[in-house]
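**Student:** Please build the complex by placing chain B on the supplied structure of chain A, with the hints as guidance.
Those sequence lines, one after another, are chains A and B. Residues in the first sequence are numbered consecutively from 1, following the working numbering. Residues in the second sequence are numbered consecutively from 1, following the working numbering.
Honestly, the hints are just simulated from the structure, not real lab data.
Simulated DEER-style distance windows between Cβ atoms: (1) B:Lys-101 / A:Asp-415: 17 to 27 Å; (2) A:Gln-300 / B:Glu-124: 51 to 61 Å; (3) B:Gly-16 / A:Trp-387: 49 to 59 Å; (4) A:Leu-36 / B:Gln-74: 52 to 62 Å.
Okay, derived cross-link-like pairs now, EDC-like style, lysine to aspartate or glutamate, Cα gap no bigger than 20 Å in a straight line: (5) A:Lys-431 / B:Asp-102; (6) B:Lys-122 / B:Glu-108; (7) B:Lys-122 / B:Asp-83; (8) B:Lys-122 / A:Asp-415; (9) B:Lys-173 / B:Glu-151; (10) A:Lys-431 / A:Asp-415.
Cβ atoms here follow ideal geometry from the backbone N, Cα and C, with glycine treated the same way.
Here are the chains, one letter per residue:
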Amino acid sequence: MIRSRGLAIAPVGVVALFLLIPVVAVLIAGIRPESLEILLESRTWRVVGFTTLQALLSTVVSVALALPATYALHRLRLRMRRLTLAVLTVPFVLPTVVVGLAFRALLPESLNGTLTAIILAHAFFNVGLVIRVVGGVWSRLDGRMQDAARTLGLSSFNVFRRVTLPYLRPAILASTALVAMFTFTSFGVIMVLGSPAQPTIEVEIYRRTTQILDISAAAGLALLQLVVVVVALIWSAALQRRTVMRMRQSSTPALPAISAVDRLCVYWTYLLALALALPVLALTLRSFRAGNQWSLQWYQQIAAPSGGTTRDIGAFSIVTTSLRYAVLATILAVVLGVLGAMAVQLATRRGVTLEATLLLPLGVSAVTIGFGLLLVSIRGPVDLRGWTFLVPLGQALVAAPLVMMLLLPILRSIDPRLRYVAATLGSPPLKAWWAVDGRLIGRATVGAAGLACAVSLGEFGATAFLARVDEPTIPLQIVRLLGRPGEANFGSATALAVVLLAITAVVLITTERGRTQW
Amino acid sequence: MVNGLEVIDLGVTYEGETLLSHLTVGVGDEIVALLGPSGSGKSTLLRCIAGVQQPDSGRITWNDTDLLAVPAHQRGIGLVFQDPLLFPHLSVGRNIAFGIKDSSRVTELLALIRLPGYADRKPETLSGGEAQRVALARALAPRPRMLLLDEPFGALDTDLRRTLTTEVRELLKSTHTPAIHVTHDEDEAHAIADRVVYLADLQRSSRS
Numbered sequence: 001m002i003r004s005r006g007l008a009i010a011p012v013g014v015v016a017l018f019l020l021i022p023v024v025a026v027l028i029a030g031i032r033p034e035s036l037e038i039l040l041e042s043r044t045w046r047v048v049g050f051t052t053l054q055a056l057l058s059t060v061v062s063v064a065l066a067l068p069a070t071y072a073l074h075r076l077r078l079r080m081r082r083l084t085l086a087v088l089t090v091p092f093v094l095p096t097v098v099v100g101l102a103f104r105a106l107l108p109e110s111l112n113g114t115l116t117a118i119i120l121a122h123a124f125f126n127v128g129l130v131i132r133v134v135g136g137v138w139s140r141l142d143g144r145m146q147d148a149a150r151t152l153g154l155s156s157f158n159v160f161r162r163v164t165l166p167y168l169r170p171a172i173l174a175s176t177a178l179v180a181m182f183t184f185t186s187f188g189v190i191m192v193l194g195s196p197a198q199p200t201i202e203v204e205i206y207r208r209t210t211q212i213l214d215i216s217a218a219a220g221l222a223l224l225q226l227v228v229v230v231v232a233l234i235w236s237a238a239l240q241r242r243t244v245m246r247m248r249q250s251s252t253p254a255l256p257a258i259s260a261v262d263r264l265c266v267y268w269t270y271l272l273a274l275a276l277a278l279p280v281l282a283l284t285l286r287s288f289r290a291g292n293q294w295s296l297q298w299y300q301q302i303a304a305p306s307g308g309t310t311r312d313i314g315a316f317s318i319v320t321t322s323l324r325y326a327v328l329a330t331i332l333a334v335v336l337g338v339l340g341a342m343a344v345q346l347a348t349r350r351g352v353t354l355e356a357t358l359l360l361p362l363g364v365s366a367v368t369i370g371f372g373l374l375l376v377s378i379r380g381p382v383d384l385r386g387w388t389f390l391v392p393l394g395q396a397l398v399a400a401p402l403v404m405m406l407l408l409p410i411l412r413s414i415d416p417r418l419r420y421v422a423a424t425l426g427s428p429p430l431k432a433w434w435a436v437d438g439r440l441i442g443r444a445t446v447g448a449a450g451l452a453c454a455v456s457l458g459e460f461g462a463t464a465f466l467a468r469v470d471e472p473t474i475p476l477q478i479v480r481l482l483g484r485p486g487e488a489n490f491g492s493a494t495a496l497a498v499v500l501l502a503i504t505a506v507v508l509i510t511t512e513r514g515r516t517q518w
Numbered sequence: 001m002v003n004g005l006e007v008i009d010l011g012v013t014y015e016g017e018t019l020l021s022h023l024t025v026g027v028g029d030e031i032v033a034l035l036g037p038s039g040s041g042k043s044t045l046l047r048c049i050a051g052v053q054q055p056d057s058g059r060i061t062w063n064d065t066d067l068l069a070v071p072a073h074q075r076g077i078g079l080v081f082q083d084p085l086l087f088p089h090l091s092v093g094r095n096i097a098f099g100i101k102d103s104s105r106v107t108e109l110l111a112l113i114r115l116p117g118y119a120d121r122k123p124e125t126l127s128g129g130e131a132q133r134v135a136l137a138r139a140l141a142p143r144p145r146m147l148l149l150d151e152p153f154g155a156l157d158t159d160l161r162r163t164l165t166t167e168v169r170e171l172l173k174s175t176h177t178p179a180i181h182v183t184h185d186e187d188e189a190h191a192i193a194d195r196v197v198y199l200a201d202l203q204r205s206s207r208s
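If we strip away everything but chain A, and leave its shape as in the complex, we get:
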């Protein structure tokens, strides 16, 4: 297998180069006395404290809301199961800025800028993640194990406590770590929903960079954030490995909900799905209300802004910019994601643990990616500020790890001997790869491309650092509008958010069709 070694080095090199650029830039800029000074300020530790607090509370709420639904969706017979599961898991890919705005449209004004609003929005995003991670394990739990425990004299509650829970614990902990990581590095939601007086680390990095122009302090904060995330990621990876080892394939049929607890879980699941549909509904309704009546006023206003300042850009041009960036980002993200998945798979087959290094970008926040690329564009050998490809590059680096995560399990499930068969039938290495791996991951790649496109369209964290002022994307324009007072600006923001949601939906539905027809 000497030949495949050469094939392995190329993707590892390319992927590492791209994905690690921002991280290395932050490391270089962060490890300097003038950057680390920020860690001595008491304000910094207040920010760290609030970031941690909101992340912990958001995580606990997300997991608590999700677990009963996970049980109902994966162990019980449920009507409209697919629809319910879709409603619960789709929020994860919705644009953060849009979700923040949707919660502002839904919640009473008194909750605006509060910790409660942030926690609710974070739960909205992450409930689906918990359901996916824990549900995958729960559905494989051999039901006979619980039957055995019951015949040994355990009550239902004790069966859950002594059999089910220990079995699920690694998966619950792993999903907890993931949610904690995502909420710790949350940016778009906090920018829209949070109070300026209570920033998180991400918001503070952004503020220092763009408003105070204190790059050194921002780099120090970014470094601090990176350290926290890496620790959380390693912890989560270790837990997930334990989960994988414990998994024993078995298919236990879904049971009808008999006990009172079962029925409660079922009601809870439907209630949760309804609750998750509310913010998007509220946002859509709000975008059609001006004054106290139904109106298309905000849509007319974003199509032809009448503010008169140079910062008012028509929706058509903003949408075009967003789409152009997203298409470029998707292509790059798919290439990087496929290469990355190949690299990890080849590396693990060789017994080398490259995985943590290559999965690191998944945990690296969008803000770190944006800030890192900004550092490269300012301090790098060539001045790249305002370069057209900077924004798509940032978005691609945010989306590529997702593509990788989707493709890796499929690549791993391919029998390596299929490649030998192709080789002995006369296919040169690259052709053999395309004929076997390429064709087999093709379908998943279409789906991953749709996801990458949706993520790029709604991307805010990295884009905020990299986009030119005169070429905003939809999420940037939404935040810009929200930064100005008045009903007109808020109304325009809701209309733009609905436009973004519609485009995202079209992308996801189209690729889903393409995926099933592949």
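**Tutor:** Leaving out everything else, chain B in the frame of chain A:
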């Protein structure tokens, strides 16, 4: 000048463990059955000959020319595994046509393996025996100079094994394809092969 395949002094180690050492064997225009207990390195030998694995020492030649420098896809040596390993995304016909440029031979090969009309079937609709026959046709399609069979009937039941053993021998003879057939079943080895060899006898170290 030696006619056909020659393996000379072959040695393979994997993670510090010796799988094959000083193995020498020659195969001419014949079917050779290779016998040995499981885990004795039979598959490793076939992989080395096919070119999907590189030995640590020794030589492999065809008509006195070096094969080790030739990558697997240019060696013209077919390999059939214990599992059929049909490409799941291709039809039976396109599986068979995988290694050849024009697919006109597919019908002929399907007739040869007694599965006429199967060209458009999906691999997952085949029984174990049918799938293994298709795998065989796929390996024979590019007219390999030699076919390596790695316990191809290992996953099948006894009756089917017996039928397929006769069929495969006829198939190899009618297409004039020399072959190495690996198995741990003595009866099967004698039924299919012109000559039966024991892996242990081919290695110098195990004889001493």
